[in-house]
Amino acid sequence: MLETLPVAERAAAAPRGRRLSRAAPFVVAALAALALWLAPLVLDTFAVNVLTRSMIYAVLAVTVDLLWGFAGILTFGQAAFFGVGAYATAMILTAYGATPLGIAAAVAASLVAPVVLGLAVGWLSFYHRSTPLYASVISLVVPIVVVQLIYAGGEWTGSSSGLVGFDVLPFEIEGYFRLAALFLIVVTLAAWILVRSDAGRALVALRDNEARCAYLGLNPRRLQIRLTAALAGVAGLAGFLFANASAVVAPENAGFLFGTELVIWVALGGRGTLLGPVLGTIAIDYLAANLSGDLPFLWQLLLGTAFVVIIILLPGGLADLVGRLWRVLPIGRRRPAPPRLVARAAATEATGTEATGTEIPILKVENLAKAYGALTVLEAIDLEIRAGELVSLVGPNGAGKTTLMRCLSDGTEPFRGAIAVGGTPITGLTPNRIVGLGVGRKFQVASVFESLSVADCLRLARAAHDGLSPVGQAETLGLPQAALDVLRMTGLDRLLTQPTRLLSHGQKQALELAMVVALEPRLILLDEPTAGLTKAERTTIGAVLKALTAEGRIAAVLVEHDLDFVREISSRIVVLHQGRLVLDGTVEAVVGSELVRTIYAGGGHG
Amino acid sequence: MLLTLDILTTAAILFIVSIGLLAIFGVLKIINFAHGAWLTVGAYCAVVTAKLGLNPWAALPLAFVIGAALGGLAEHVIIRPLYRRPLDAILATWGLGIVVGQLITLAFGRDVQLTPNLYAGTVEILGVDYSAYRLVALGIALAIGTLFALTVERTRLGLSARAVIMNETLARSLGIDTGRVRLVVFMIGAGFAALAGVLLTPLTSVDPNMGVSWLIGAFMLVMVADASYLALAAACLVFGAAQVLISTFVSPILGSIAVAVLAALVLRISPKGFSRA
Chain A
1 MLETLPVAER
11 AAAAPRGRRL
21 SRAAPFVVAA
31 LAALALWLAP
41 LVLDTFAVNV
51 LTRSMIYAVL
61 AVTVDLLWGF
71 AGILTFGQAA
81 FFGVGAYATA
91 MILTAYGATP
101 LGIAAAVAAS
111 LVAPVVLGLA
121 VGWLSFYHRS
131 TPLYASVISL
141 VVPIVVVQLI
151 YAGGEWTGSS
161 SGLVGFDVLP
171 FEIEGYFRLA
181 ALFLIVVTLA
191 AWILVRSDAG
201 RALVALRDNE
211 ARCAYLGLNP
221 RRLQIRLTAA
231 LAGVAGLAGF
241 LFANASAVVA
251 PENAGFLFGT
261 ELVIWVALGG
271 RGTLLGPVLG
281 TIAIDYLAAN
291 LSGDLPFLWQ
301 LLLGTAFVVI
311 IILLPGGLAD
321 LVGRLWRVLP
331 IGRRRPAPPR
341 LVARAAATEA
351 TGTEATGTEI
361 PILKVENLAK
371 AYGALTVLEA
381 IDLEIRAGEL
391 VSLVGPNGAG
401 KTTLMRCLSD
411 GTEPFRGAIA
421 VGGTPITGLT
431 PNRIVGLGVG
441 RKFQVASVFE
451 SLSVADCLRL
461 ARAAHDGLSP
471 VGQAETLGLP
481 QAALDVLRMT
491 GLDRLLTQPT
501 RLLSHGQKQA
511 LELAMVVALE
521 PRLILLDEPT
531 AGLTKAERTT
541 IGAVLKALTA
551 EGRIAAVLVE
561 HDLDFVREIS
571 SRIVVLHQGR
581 LVLDGTVEAV
591 VGSELVRTIY
601 AGGGHG
Chain B
1 MLLTLDILTT
11 AAILFIVSIG
21 LLAIFGVLKI
31 INFAHGAWLT
41 VGAYCAVVTA
51 KLGLNPWAAL
61 PLAFVIGAAL
71 GGLAEHVIIR
81 PLYRRPLDAI
91 LATWGLGIVV
101 GQLITLAFGR
111 DVQLTPNLYA
121 GTVEILGVDY
131 SAYRLVALGI
141 ALAIGTLFAL
151 TVERTRLGLS
161 ARAVIMNETL
171 ARSLGIDTGR
181 VRLVVFMIGA
191 GFAALAGVLL
201 TPLTSVDPNM
211 GVSWLIGAFM
221 LVMVADASYL
231 ALAAACLVFG
241 AAQVLISTFV
251 SPILGSIAVA
261 VLAALVLRIS
271 PKGFSRA
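For the record, the sequence lines run as chains A and B. Residue 1 is where the first sequence starts when you use the working numbering, and the numbers rise one by one after that. Residue 1 is where the second sequence starts when you use the working numbering, and the numbers rise one by one after that.
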């Protein structure tokens with residue numbers, strides 16, 4: 001409907017609609033809370049008991065969904081954190097009873113112990129160049145280790161028979177039902193707000209393209225570890241509630257099998273939808289309690305079969321099916337209003353003048369060498385680049401250009417020699433820390449976040465500077481003027497709400513360039529920024545680069561094959577051949593040289 | 001002496017249990033969580049053989065054939081659609097494991113099954129009485145390892161498999177039917193797993209969930225070995241030794257998690273595991 005409104009009216013309608021949609025989750029949550037508060041009045045004791053447990057499990061499903069559905073970390077480990085929280089509670093309540101102090105200690109322990117374990121697990125799972133598979137492996141090992149420790153705990157943990165008969169909170173079963181319901185609603189609402197906030201986009205960005213996150217100056221490791229630890233804490237609190245409500249804890253509560261069950265529930269409900277896993281978990285656990293008494297093996301068989309079928313045919317789970325039906329209905333749908341673009345004053349101006357201090361070159365490479373085994377790719381490279389320069393790196397395929405770019409932006413690459421950015425040596429630094437020194441890198445193949453919108457990609461590019469709101473979406477998007485110019489010249493400013501995966505190849509290249517420029521780097525590294533672009537797009541990018549460097553505060557290095565383009569925009573040309581730097585000079589000197597003709601023999605570019 | 005024998009035979013058993021998983025991980029690049037189910041299937045082949053009154057050793061070829069056939073079916077229906085989604089393949093194969101486990105439960109019941117010992121008695125070696133079967137298992141592990149090595153190094157299938165491991169796209173463009181290689185390798189892997197299931201029967205109790213307890217250890221060993229059977233042998237020796245030593249001198253409970261924990265740490269420090277050595 002809104003599509004037909006004149007622009008002015010739409011602009012007026014947007015904030016109102018936004019306020020409404022912002023309030024909606026709270027209204028739904030309040031209604032759900034009310035309904036669940038009244039539910040014990042009509043449900044029988046069995047249902048109340050089972051659903052209490054189901055709702056506690058649903059809290060765990062929310063944490064699994066945040067990790068797996070949103071951040072792309074397939075985890076079986078939430079069971080371990082849950083078990084640790086439950087056992088911490090049971091052990092403390094066994095020792096001190098349900099006195100106010102005992103309860104307080106139990107709550108604190110069921111939060112702190114899993115968080116500490118979560119930090120350790122996160123440290124183990126996530127490191128520079130760790131793989132998603134490895135994180136899943138660790139998440140498998142953790143519950144196994146926890147269960148064995150429980151077995152080894154003797155009297156403390158009740159070994160294989162678990163702990164039973166400890167004092168618990170003074171509630172009736174209705175009280176536990178309501179407590180579990182409130183806990184579930186609070187956790188789900190918080191998760192809902194988080195995933196719809198700007199910070200929530202960072203989770204999806206991590207799943208989509210971890211390398212790009214690092215090259216935007218975000219620390220993927222730290223984000224993943226924090227998320228793991230925080231959600232371990234939530235699982236631990238669920239364990240506290242579980243230990244109280246069921247008055248018994250057993251090793252199975254922490255086990256790897258329970259961890260896989262959580263994943264199954266989330267998959268069936270629909271990963272990445274929050275409500276799907278919540279409803280899926282409650283439905284499946286409730287059904288299981290009712291059916292498994294009569295047909296225990298058949299129930300498991302059906303569940304297993306459904307799980308396999310859903311994974312293969314419907315990766316989005318049942319929520320995806322419901323969503324598809326929903327979209328068929330003729331209900332008006334509003335496109336989210338794009339954020340307003342605003343230019344921000346170049347923040348680096350102040351720091352820029354002191355740091356640039358003409359004495360220190362922005363980039364200094366000394367005697368750089370790199371080899372893969374016996375194959376030498378780079379040898380004896382010396383290079384100095386100062387602010388205001390636009391240096392083109394040319395050379396035939398296999399000359400080592402891309403390898404050189406990689407060494408400049410990732411200090412963990414094994415290389416010999418020294419590279420310094422603004423006087424700081426980068427050896428051993430991870431890409432995100434080098435971005436922090438003021439290096440922005442554009443990859444050869446456009447590297448953006450496929451499931452996010454153009455605006456979200458740009459916002460993530462600013463995240464290292466401006467931070468991300470964990471509760472809402474900012475209505476403005478502040479970008480440096482240069483980034484705005486790129487957007488305007490390429491028409492991307494009119495496509496802010498467009499999902500990135502729908503952009504053309506050239507638009508993706510332009511978006512990545514805008515993201516890199518938005519980092520306000522002192523040194524921009526561009527690997528074939530014009531490959532596969534039209535003449536017009538190429539001219540645009542050339543103009544942007546010239547304008548950026550012309551101010552004399554930043555420098556750019558680009559790898560390029562198109563010698564006409566290089567000649568047009570460069571202030572200096574460096575020629576690489578067979579891993580060696582063979583020429584370094586002005587455009588005229590290099591283009592006119594005999595050596596370049598020989599290297600590019602027959603190319604006829606000159 | 002006893003300790004040395006324990007270490008060698010433990011390593012041998014670990015090797016037998018994980019070699020099928022290694023073949024599948026190497027070529028298909030997916031973790032086959034149904035591996036535990038294939039082990040169970042193999043063990044129940046031994047149960048069936050015993051019920052039919054056949055020689056216990058007849059269970060070996062039977063298990064290999066049934067395992068390979070089921071593996072072929074699973075590859076076709078479940079694995080093939082998930083080649084591009086390796087994490088989902090873990091889940092789907094885990095689901096398959098649940099289904100197989102429940103089918104076995106429906107057919108045989110939940111109880112522990114008794115199987116005849118493949119090779120009873122003890123042998124005296126250098127003054128120690130030692131389980132004869134464990135020594136037989138050591139021999140079998142060496143035989144399987146040799147067979148595996150010959151297949152990889154000397155046959156056309158081995159050559160194709162190595163090509164697929166190194167660069168699947170290139171292998172396909174050279175005219176290797178990579179889909180077929182994947183299918184055959186999955187069948188062989190499942191067959192070896194079922195074989196291992198039979199060989200486990202004298203050592204553990206047979207019940208529908210027996211495979212799961214072996215799965216994680218095998219899985220961790222394969223992660224460390226990273227598609228190299230020599231590395232797998234080395235990993236089995238090192239972690240098997242650790243398991244035996246920790247169980248003997250510290251605590252059996254810690255020994256049971258030694259493989260998983262040590263493998264995780266090795267991977268953290270050196271992501272390529274043992275394959276680089």
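Everything labelled a hint here was simulated from the structure, so no lab data went into it. Glycine included, C-beta positions come from ideal geometry on N, C-alpha and C. Any given hint could turn out to be false.
Said to hold, decoys possible - So the derived list for chain A, only partly shown, Cβ under 8 Å to chain B, looks like this:
| # | residue |
| --- | --- |
| 1 | P132 |
| 2 | V137 |
| 3 | L295 |
| 4 | F297 |
| 5 | F307 |
| 6 | L314 |
| 7 | R416 |
| 8 | I599 |
Each hint tested on the structure:
1. P132: At 6 Å from the nearest chain B Cβ, P132/A passes the 8 Å test, so the hint holds.
2. V137: holds, 6 Å
3. L295: For L295/A, the interface hint is violated, since the closest Cβ of chain B sits about 10 Å away, which is over 8 Å.
4. F297: holds, 5 Å
5. F307: Where the cut-off is 8 Å and the nearest Cβ of chain B is about 4 Å from F307/A, the hint holds.
6. L314: violated, 11 Å
7. R416: Nearest chain B Cβ about 21 Å off; hint violated.
8. I599: Since the shortest Cβ distance to chain B is 29 Å, the answer is violated.
Against the hints set out earlier in the document, violations occur for numbers 3, 6, 7, 8.
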